[in-house]
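Whole structure, please, built from the sequences with the hints as guidance.
Quick note, the sequences are listed as chains H and C, same order. Position 20 of the first sequence, counting from 1, maps to 20 under our numbering, and the rest follow consecutively. Position 1029 of the second sequence, counting from 1, maps to 1029 under our numbering, and the rest follow consecutively.
Simulated from the structure, these hints should not be mistaken for lab results. Where hints are given, some of them may not hold.
[Unchecked claim] Distance condition first, Cα-Cα at most 20 Å in a straight line; then the derived SDA-like pairs of lysine to any residue:
#: 1; chain 1: C; residue 1: LYS463; chain 2: H; residue 2: GLU150
#: 2; chain 1: C; residue 1: LYS463; chain 2: H; residue 2: LYS174
#: 3; chain 1: H; residue 1: LYS174; chain 2: C; residue 2: ASP479
#: 4; chain 1: C; residue 1: LYS1008; chain 2: C; residue 2: ASN996
#: 5; chain 1: H; residue 1: LYS151; chain 2: C; residue 2: ASN481
#: 6; chain 1: C; residue 1: LYS457; chain 2: H; residue 2: LEU153
#: 7; chain 1: H; residue 1: LYS129; chain 2: C; residue 2: LYS457
#: 8; chain 1: H; residue 1: LYS151; chain 2: C; residue 2: LYS457
#: 9; chain 1: C; residue 1: LYS171; chain 2: C; residue 2: ASN309
#: 10; chain 1: H; residue 1: LYS171; chain 2: C; residue 2: PHE480
#: 11; chain 1: H; residue 1: LYS154; chain 2: C; residue 2: GLN454
#: 12; chain 1: H; residue 1: LYS154; chain 2: H; residue 2: VAL168
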Amino acid sequence: MDQKALRKLVESISKTVKSFKKSEVECLIRLFHSLVERDDVRLHNNVLDRNTFRATLHNLFGMTDDMLMKRVFFAFDKNDNCMNVKEWIKGLSVFLRGTFEEKLKFCFKVYYLNSDGYISREEIFDMLKNSLHQQSSEKETDGGIEELVEKMLKKMDYDNDGKISFAVFEKAVKEETLLLEVFGQCLPEAKICLDFEALAFTHPDF
Amino acid sequence: MGVALTKSAQWTTAAGFGTGTLEITPLNEGILKEIIMFVESFIYKHPQEAKYVFVEPLEWKTNLDPSAFESGYVVSATTVKSEEVDKNGQPLLFLSVPQIKIRSFGQLSCLLFIAKDTKLKEAQACIEANRNPVAKILGMDYNTMKEDPSILNILDKITKEDDPESEVKMKMAMLLEELDLHLLNYSLKHASLEIHLNPVTIKKDIELLKHFSGQGEQTVLESIEYTSDYEFSNGCRAPPWRQLHGEICYVLVKPHDVETLCITCCAEGVFLNGGKTDDEGEINYERKGAIYKDLVTFLKHKSAKFSENMSKQVSTRLTEEQQKVKDQPKKAPKKKEADALHKSITSSNKSKLENNQINFGKNQMTKRLEPSVNWKTDVDFKVISVRDTQEKKHGGRPEKSTPPVSPGRAQLVHKNADKTEEIPSESSSESEEDEEPPDHRQEANADLPSEYWQIQKLVKYLKGGNQTATVIALCSMRDFNLAQETCQLAIRDVGGLEVLINLLDTDEVKCKIGSLKILKEISYNPQIRRNIVDLGGLPVMVNILDSPHKILKCLAAETIANVAKFRRARRVVRHHGGITKLVALLDCAQNSTEPAQASLYDERDVEVARCGALALWSCSKSYANKEAIRKAGGIPLLAQLLKTSHENMLIPVVGTLQECASEESYRAAIKAERIIENLVKNLNSENEQLQEHCAMAIYQCAEDEETRDLVRLHGGLKPLASLLNKTDNKERLAAVTGAIWKCSISKENVTKFREYRAIETLVGLLTDQPEEVLVNVVGALGECCQEYENRVLVRKCGGIQPLVNLLVGINQALLVNVTKAVGACAVEPESMVIIDRLDGVRLLWSLLKNPHPDVKASAAWALCPCIQNAKDAGEMVRSFVGGLELVVNLLKSDNKEVLASVCAVITNIAKDQENLAVITDHGVVPLLSKLANTNNDKLRQHLAEAISRCCMWGRNKVAFGEHKAVAPLVRYLKSNDTNVHRATAQALYQLSEDANNCITMHENGAVKLLLDMVGSPDQDLQEAAAGCISNIRRLALATEKARYP
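Now the structure itself:
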């Protein structure tokens, strides 16, 4: 990538993403390219596809749940099923430097997939599907999950419509921060973020 | 019934089997009547069992005429057959005059009904002819005449057989056992009424006690055994030549709290004999103690533990048993199993039944806990596992020889009690006021609230879920009211504590946070605290204090603050390096330089420090922790935190300081770190708790003079004085008055207090206050009254009356202070009049009998000014009957302060010639002389003064010499204390009027020492020294004159 184009890209991204220094943005762009290039997958004008992104989330951010990683991808990505460098850096800014509000929004976005603005009962069930170790029977496990879903709905669904709106989600999380990632991990852990920053910003070519 | 018949009934021939007849004694008659009642009621109480056909018929010679039989019987001239027949068509009753055969209880009942007036005779004949009825009824397998009458043999047999009849047979066996037990109790009760003991009653007693003996706290005795295994045919075990004296047997008893007792049981009663001689096992038959009417009475007198446990268990149990047996027939047969088991535990080989017992407990449990399937299995598992571990623990030793009142429930409770006894046993020294409350596990059968089941489910998800499920479960658990004990105990009882603590060991930050948030709440419960420690929760939490996440540090510290409320916990915290880590939390500056991990869950540094202080506050209640905090550099950090203005920070900080200020090292450090200034500043806070802790810290520190001055210099006296007016919060009032007390030790402070009109307020607080406050108020007044103006003030405010009233209390600390205050007031003659009028002197005098030496001494000091200032003091002192003797005898005390004070009292008493004569008669001179060899200057001074006064009577001067008081007195002159010098010189001056004393003084080098004293600026000392020298000199001259006339 030539320096000029890079600098231009950095400039334009820095305008929208304020939480990174320019040098840091540059590092992240380099990282993006190295990820794109390293993986021997088809390139669409320098975009990251879902599988690569998932591998990245797993390798760099220690996430494990496939289904949630898919959801995280869609939260990073605007609409086109492939992530460009801007989306990448914007997403990382939430991961690494996000304020509470940003993270709150991000998590909610991860949790409502069908983009109707609500987290529905079915979605919750779907997300919690693998949260209990197999009990003696599948039925029992499902019963347990059903109950967990019920508990959370009871806790958050103040208007009793079987789904959770952002306002309600925000209120519940503000009361109990632990509920931020209530339906599964969608943010990297603090320690991993530190490690990532140390790695990415000091060795841009790792 | 077999046992009772063999052992209780009094047979004419002692031999067991054969054709003995029953003696007509009240006991036998009673037993027979009981049996008749049993048999008569049998047919309608147990219709099913009444049909049961005996293995062998009961057969005896009856006096009944066939004509007495009516419907239901086939009657001929000499025979009667019942219409009721067995399977084989044989009649169940067959009478062929005079022989009668009966094969069911139904028929027995009918027979007794037919017999009417002669039923007693019939019963007697039946029992006499059928010496082993149980064997006949149930078959030889159930021969209860055997030495081991345990029902479990029967039970074993019956449960093995599967035929349908066996059930009836078992019930039968149960019923008969019940009857037997009942008869035994009956005869026992009867026997205990008899004054004369016989071998049977003694044997019964011993066997009973054996049942209740063994290892463990619950039993009445450790062991009880005969000295001889051989039992003569008459039931005696004493050798024949001793039987002539009416002796029956000898027993070795080892109670829990006294040595082994060797006891003789004889017809007259029970007494202690000379014991077993070691080598040959021979017994010294001589009586060594009083005769008691029976063994139990004897042991009750000899062993407090026996008496306690006996009354606690045996008596209640016996009556319960009796009660139960009486009630039994009315209840459904279900209950019988319980009783049988119950009985079986008392029997010697109960272990065989262990399995049955467990099953039984289980059945009961499942019956009660039907609502949840999960729960049921869980509890069952638990019962067994607890049982198992317990068995392991106890090994094969005979545990719990006392039967639980009702198996199942009582046992479960008992087990838990046992379990908890085991756990803290590693530290026997644990005995603190805040230590280890008894464990109340939720009884399994109590009505379990719905929270129980819900919490149990959540715990299941905690166990079997991934991080997400765990967090959801933790959050849901927090939605319960965790401040409520039901929920706290529910979490524990469903095994939640273990899981929560395990979560702390994982890497999942969110799980740790959630878990700690719950632990923090439920650890307000004292039982939960202990459980957390038992489960090893503290070391994990201590490790979390190192976490990079501040919120984890905070939560862990807060939880530790809750848990470390008892000593064992505090020790664990220390041993795992928790104190150092907690102290490190206090260092805000340090905390903020650490690489901050931008985390959603983070707290401010101040909050971390606050939580650290909170935990240290709890920990600081143990001495070793105070030291550890100091060594970890905690004091400067606390001092630093004290500069903030956040109340919730200041309270734990000051709380810790106040707790630690009990140590000298802390007081010095508090002074050095300029902490007093901030303490004073915070006295002005609005927060009552903060005020209280500050005042408390000042109270602790103000023992030190410099600190008292610092309090004044920083303007602390005024807020203290004004806080005196707020009397609603008693804790704070106690702390404030304490601070005022200690501060008023300095005169300058007293002047200030008077300025702030604190003394009037203090007087006002002399009534209607709790003792903690009174002690301090009176202490402060005692200090204030050292000054004339304040004494006048106290009198004018009417303070003397309430003070004197307080002399009748029992609180030692209060009495010490009250006597001091009254004594201080008595210096004023005008006040003395009031004290005298209120009979205060008599009250003070009677305090000389107080067991506590501090009170004695303080009362004695207070008496001195009273005697000095009372009108007609001599007369007053004499009016106290026995008072003078009491004072003189106090000279035998071994407490230096008491001795010094009593010497001072004696000095004052001796001013009255008549009283001096009396105390001389009571032997004051030898007692004072005996004290002369002391190095304590205070005692020396007052002793010398007392001796000096006592010399004024009769030949006391000479007597002091004879009792060798003079030489030690001379040595007092080498002391550094001028008060001692003066008093000693005066005493020597008095003593020198006796020639022999002069010689002793001269020999001990008094002259040179006295010559130095003559040069003293103290006039009295000069005079006395000179006078003494002149006496010695005069004697020398006279001797010379005599020698060289």
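Status of the hints after comparison with the structure:
With a C-alpha separation of about 19 Å, the suggested pair LYS463/C and GLU150/H falls inside the 20 Å cut-off, and the hint holds. Proximity of LYS463/C to LYS174/H is assessed by CA-CA distance (about 27 Å); at most 20 Å being required, the pair is judged violated. Distance restraint check for LYS174/H and ASP479/C: the Cα-Cα separation of roughly 15 Å lies within the 20 Å cut-off, and the hinted pair is therefore satisfied. Restraint check: the Cα-Cα separation between LYS1008/C and ASN996/C comes to about 18 Å, which is no more than 20 Å; the hinted pair holds.
At roughly 16 Å between alpha-carbon atoms, LYS151/H and ASN481/C fall within 20 Å of each other, so this suggested pair holds. Taking the CA atoms of LYS457/C and LEU153/H, the gap is near 17 Å; set against the 20 Å cutoff, the hint holds. With a CA separation close to 17 Å, the supplied pair LYS129/H and LYS457/C stays within the 20 Å bound. Between the alpha carbons of LYS151/H and LYS457/C the distance comes to roughly 12 Å, so the proposed pair stays at or under 20 Å and holds.
For a cut-off of 20 Å, the pair hint linking LYS171/C to ASN309/C is broken: about 33 Å separates their Cα positions. The straight-line distance between the Cα atoms of LYS171/H and PHE480/C is roughly 19 Å, inside the 20 Å bound, and the hint therefore holds. About 14 Å separates the Cα atoms of LYS154/H and GLN454/C, which keeps this hinted pair within 20 Å; it holds. Distance check on the hinted pair: LYS154/H and VAL168/H sit about 12 Å apart at the alpha-carbon level, within 20 Å; holds.
This entry does not satisfy hints 2, 9, going by the numbered hints stated previously.
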